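A.B. asks: Here is how the chains run, residue by residue.
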Amino acid sequence: MNEAIVAHGLVREFKGGIRAVDGVDLEVRTGEVYGFLGPNGAGKSTTVRMLATLLRPTGGTARVAGFDVAHEAHAVRRAIGVALQDAAIDPFMTGRELLRLQGVLHGLSRADCRATAERLLERVGLTEAADRRVGTYSGGMRRRLDLALALVHEPVVLFLDEPTTGLDPTSRLALWEEVRRLNAEAGTTVFLTTQYLEEADQLAGRVGIIDGGRIVAEGTPQRLKAEVGDPALVITPADPERRDAAQEVLQRFGPEVEARPPGTAAARLPGGAARVAEAVRALDEAGIPTASLDLHQPTLDDVFVEKTGRRLEGHGGGESPAAGRGRRGRRR
Amino acid sequence: MSLALRQTWALARRAIAGTFQVPQSWFPALFFPLLLMAIFTASFDRGIAFIPGFPKVHGYLDFGISGTVLQGVLIGGVTSGAFFAGDIERGFFDRLVTSPVSRIVLLTNRLAAGVLLAACQATLFVLIGVAFGVRIEGGVPGFLTLVGLAALLAIPIGGLGILLALRTGSTEAVQGAFPLFFAFMFFSSAFFPRETMSGWFRTVADVNPISHLVEGMRAQVIEGFRPGAAAISLAVIAGFAVCTVGGSALALRRRLGAV
Amino acid sequence: MAGGTLARTAAVSGMLAWRAIILVRRMPSVFIPSLVMPLFILVATSGAFHGVGALPIGTGSYLAFTIPFATVMGAGFAGVNAGTTLARDIEGGFLDRLVSSPAPRLSLVAGPFTAAGMRSLFTTTVVLIAGTIGGVTPPGLIGTVIVYVMAAGFGVATSLWSMGVALRARTVQAAPLMQLVVFIAIFTSVAYAPRELQHGWLRTVADWNPVTRILEASRATELGGAGWGEVWPGLGAIALLLAVLGVWALTGLRRLGRD
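Quick mapping for you: the protein sequence lines, in order, are chains A, B and C. Taken in order, the first sequence gives residues 1 to 332; the numbers are from my numbering. Taken in order, the second sequence gives residues 333 to 591; the numbers are from my numbering. Taken in order, the third sequence gives residues 592 to 850; the numbers are from my numbering.
Please keep in mind that the hints were generated in silico from the structure rather than gathered at the bench. No experiment lies behind these values; they were computed from the predicted model shown. For each residue, glycine too, the CB sits at the ideal point set by N, CA and C. Careful: at least some of the hints might be erroneous.
In silico contact screen, one side only, chain A against chain C (beta carbon under 7 Å); selected entries [as the list claims (entries may be wrong)]: (1) A52; (2) H74; (3) R77; (4) L84; (5) L101; (6) G107; (7) L108.
What the simulated footprint calls covered on chain C by chain A, stretch by stretch (three residues with Cβ under 8 Å from a Cβ of chain A suffice, anywhere in the stretch; the number is not a length) [stated by the list, open to error]: (8) 596-603; (9) 614-625; (10) 792-806.
Please put together the full structure from these sequences, using the hints given.
C.D. replies: Structure (structure tokens):
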């Protein structure tokens, strides 16, 4: 079995004819970390819920770990671990109790439950907090516990739905590290949804961008970025009056970049970093001193803009890592 | 003064409209008292004539209708208090406080709305009772006394709701106090005469002011127009009102002082 | 394979029942009412309507008459709580965890069902002890067992009802609906008076209400009365409720993930 997840024309239509997911094709190889990137309401969670057998597809097919999600749901559930958005954890139970419960849900023996719980608590650094109620945990602790819960039965495929939404930077880094380790050591396939470009860039071997229920781009982060184009050289002339002259000089090296900060000149450099020195020399020769210089590599954000015409982060204020929490009542 | 009255009236109208817009706020106050009245009547009507100590009545409904009216006002007071707590939670209260509305109006509008709603509710309950055979021995004066007492009772009950709302600022906390109201009613002669009770329960009912309140209302129905009995009820209401309305005025000052 | 599935269902159900019990224990807002309400009903009802004991309601006092009512009420609370917990789990996403695991689906209902039964044993014990303190002679071993069976049967039946509602409504806001139906079912049976004393609509409703048979079976032993003639209909009523409400809950369970 080489493909951990295969989906063909996956569709989910809700009452009232809204198509949250509108014909998604996916192929995720075993051992891969796949990043599923998109803004709120793009269809990320609905896709994950279908792949994790929580929601029946209304069209198309999907196989996870070799089993059909609609007809062999039980076998799929044995093979997958799921950590869903908002860390659905009972605040009145302790971390250890929840791990034992999860073990029983997966049919582990009593002794195995206990041993697994200890091992996982140790692994995610919650041993000390194990007998406290989850209600007293911080956001990062909850996500780590959530991850541990998803690992109780050593799943082949792990689904992480927005694992770091609402976490502080330190907790995010810790969780990323844990996901990387899991993938490297156990070879677990990870299907990760996120609305953070950085997260997809950091973790995923391949990225799919979903918008309006459809996948609009897919590939390795490097390839997607390369598709957008060459890196842009952005300079700020020391004398603001000379901006236009500077722009003229830069355009000898490549096409103008229209979206640039005010007071700067910018052009794409087809040769990349190797040609920066040349461009700077040309500016020198033209007698234009520069106050600052920046070689801007394309980011996944640029990819997103290119594919959807919108920016993913920083619009409306609700999408930044710090403010992404508090989206309850999403389920129907 | 007339400005305060106009403001009170404008806000009271909002409170009344708010009550009708949300079924959860009027449905329990109508449904539960009427359901219990129907069940108690069908359960006890046949037997009461044979229970020693039970006053002579045409049917249980004549006896129980006053308790039903009382219960309706109680539930209405809780929902009104919960609504007020909701105003605090949603920030409407703060908006009022920062407007030039006089402080006293913050309380009086709720109380006025409560009085009006209680009068309508009591009238409705008694008319339903009459339709099912209640005979009001007190005639029209008795009927008016009963409804008037129920309307006035809305002042202390509403004050209690406001007091709880101001102190907790939480809808849930006010609603959570509901069983307590209910308990107070059961440990009184609201549904059955004190003469048929015994032991410590009888003692509790004897000292429970609700017993004396409801008996004054009941006298108008089963005995005749009794101004003396009504005066006792009125005294209970007045004493109760001093405590709860005074308490809520203090709580209001505390809340405003704290901001 | 079938045996293995059964064992797995039992193991997971046991775990979920354990979870339900510790949740109740750790949430004072659930635990205290579930303990206090049946006691309150016992004391308030038997105290307020003490006089009804003078009527032919059996051989015991009105307190003895009220014990089955209070045990059934307590069990009903426990059953409704199973539904509200499930609704909360659906809203909070905890159920997703259960559904995305290979645990047998049946255990999602069987766990809380078991917990409701166990909790009703607890509340029944509390009521029986209170009744004994109040001077009621315990009904002997078989009689006691029957009181427990009737309460637990009603508790698990209401848990099926309210879980069926939760699986369809998928919101905690459906809790009042779960409660309302259970309350009405109990109140319109023989909660306050035996059928011989009831008249009119209530008598008709009580004749058809399965809760009537449950209370009568429990009462027959509690009052030291005849026994088996009342017990069989009670067991039959529980079997009927479990069959109908079991279908209601299981069809609700099958809808998970469909829409």
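A.B. asks: Confirm or reject each hint.
C.D. replies: Taking the hints in turn, this is what the structure says about them:
1. A52: Hint on A/A52: holds, closest Cβ of chain C at ~5 Å, below 7 Å.
2. H74: holds (6 Å)
3. R77: holds (4 Å)
4. L84: holds (5 Å)
5. L101: It holds, given that the least Cβ distance between A/L101 and chain C is near 6 Å, below 7 Å.
6. G107: Hint on A/G107: holds, closest Cβ of chain C at ~6 Å, below 7 Å.
7. L108: violated (10 Å)
8. 596-603: Result for this restraint: holds, n = 3.
9. 614-625: Our answer is that it holds, as 3 residues pass the Cβ test (under 8 Å) against chain A, meeting three.
10. 792-806: violated (count 0)
Taken one by one, the earlier hints fail for this structure at numbers 7 and 10, listed in ascending order.
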